[in-house]
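Protein chains: 2
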Amino acid sequence: MRPDEFGRAAAEDTLAIICGGGSFPAAIAEAVVRRGRRLVMFGIRGWADPKLIERHTHHWIALGQIGRFFRLAHAERCRDVLFIGSLLRPPITQLRLDWTTIKLMPRILRAFRGGDDQLLSAVAGAMEEQGLRVIGIADAAPEITVPEGVLGRYEPSSRDRADISRALTLIATLGPFDVGQAAVIANNHVLGVEAAEGTDNLLLRIAELRLQARVTTPPGVGVLVKAPKRGQDRRFDLPAIGTQTIENAARAGLGGIAVAAGSAIIADASKVIAAADRAKIFLVGVSEDTHDG
Amino acid sequence: MRPDEFGRAAAEDTLAIICGGGSFPAAIAEAVVRRGRRLVMFGIRGWADPKLIERHTHHWIALGQIGRFFRLAHAERCRDVLFIGSLLRPPITQLRLDWTTIKLMPRILRAFRGGDDQLLSAVAGAMEEQGLRVIGIADAAPEITVPEGVLGRYEPSSRDRADISRALTLIATLGPFDVGQAAVIANNHVLGVEAAEGTDNLLLRIAELRLQARVTTPPGVGVLVKAPKRGQDRRFDLPAIGTQTIENAARAGLGGIAVAAGSAIIADASKVIAAADRAKIFLVGVSEDTHDG
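As you go down the protein sequences, you meet chains A and Y in turn.
In terms of our numbering, the first sequence is residues 1 to 293.
In terms of our numbering, the second sequence is residues 1 to 293.
The shape of chain A in the complex, shown without the other chains:
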């Protein structure tokens, strides 16, 4: 065992991945495996894709089985825990509360009122009290995050850069409301702000408003900007882009996409970049400090 700067046995540590739904978990799990790290998948029943979970050493847990997770994670000698995939706010009927969870409920309910972000932070806090360490994707598989700079063949214009900067400021401004990982701005006009609907719905809406002539900026003008909310716990729910994001941005008539470098997930970079080139839109990783606030 080669201890890293924290005195921990680095590569040999087993990583517990608590896995929700969506298309990114597979890419992240593969990246962790490529780095030579042992992982144990904890699929959340009802959200995680069984095909992905069963490809690895795994256990199934229900939402509300925090105690069961603790027992299994200790038995599997996991110390680091990574949350991946989406957990669209579950209806209360999907919960299976074990005793540990019930004891944590007052804390969880307080956090639930505070928004997704506070909810996850509360869960992470409880895990850390159990000797587990909750890490983020940028720690476990940094190659899965968007690098800084222009990624494809097309480049943002200076007008695009101004719109990007304004959108980063807008997203930062919305931070305290635990909302808005994405915004669409075209020629200085805010066309859309993402809340509960998700980025694809946001883009399809812009496409539709354009068909109705309610968005009249010329095609090829405007950017989708995705960045974590300011103050967001970067260990959870990072913004992500995939080929579908590219296709929907093109359908919305935008000029390109900017994402926060280092803290947005790009599951299959070469495929996504090829899609951007095909759609003739730019794709750029930007430093979050470039906003105009």
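Worth flagging that the hints you see were computed from the coordinates, not collected in a lab.
Ranges between beta-carbon positions, derived for each pair:
1. Y:Asp277 with A:Arg278: 52 to 58 angstroms
2. Y:Gln130 with A:Pro218: 30 to 36 angstroms
3. A:Arg159 with Y:Arg71: 32 to 38 angstroms
4. Y:Asp289 with A:Arg35: 53 to 59 angstroms
5. Y:Glu208 with A:Ala62: 24 to 30 angstroms
In this text the structure is predicted, and so the values were computed from the model without any measurement.
Think of the CB as a built atom: it goes at the ideal place given N, C-alpha and C, for glycine as much as any other residue.
Dock chain Y against the given chain A, drawing on the hints supplied.
Relative to chain A, chain Y alone:
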């Protein structure tokens, strides 16, 4: 002529109404007439409803015919000008530029980049240089705006009051971005922020997310809040509610609607209140100072 406190002949002044589309202009024009004031309608071709325009002394103008408007307004002895109705950002092909407008273009284009609000303020500035005074609906027909207090049979709970307060803060925070006259918050979670799509689209989206179980707050929890953007020139584009807003809020499973008292339009209050009672949702006019910023 009885001069008012500004030394003007008040009730006898002819009011020029520049009229766009939508369902509110008729109610506003009727309210002005009920007050005994002479009005001249200037219908914007392509936006204003001919049936409404032709009910009054009227002229048709195209977008971009500011010079033509000046000449007609002077000939009709109008001094006050009221903008009503929506002017969804027009495609450039709809413009008919007269010479006065062309001379004003550099100013207008600068403002155009700044957002709807700045655009209208620039046009108002140009009008004031011509001796016209641009007034708002709250000046011309205050009875058309929402009064403070609970309007229907149902009352907001203390949780609703907290959500209302948070939404007012959110809308105020978005002011500098010239966006967001409406937001939906349920149990402290921001479900939606309005940008280019308009309130009805916002509510239909929440209804759909609920069907997809992506919004899981119980039915009857959550508020739609409408308020002018902070710093908005209150002479233009006030938020408005009608029976359709009520029906869509009910469809979205919300508990009620709060609007900024005195600066949101309610075209036919008794009908709207009856619709709210039927839908079992509350409707309340709130002071904008009740936000929690």
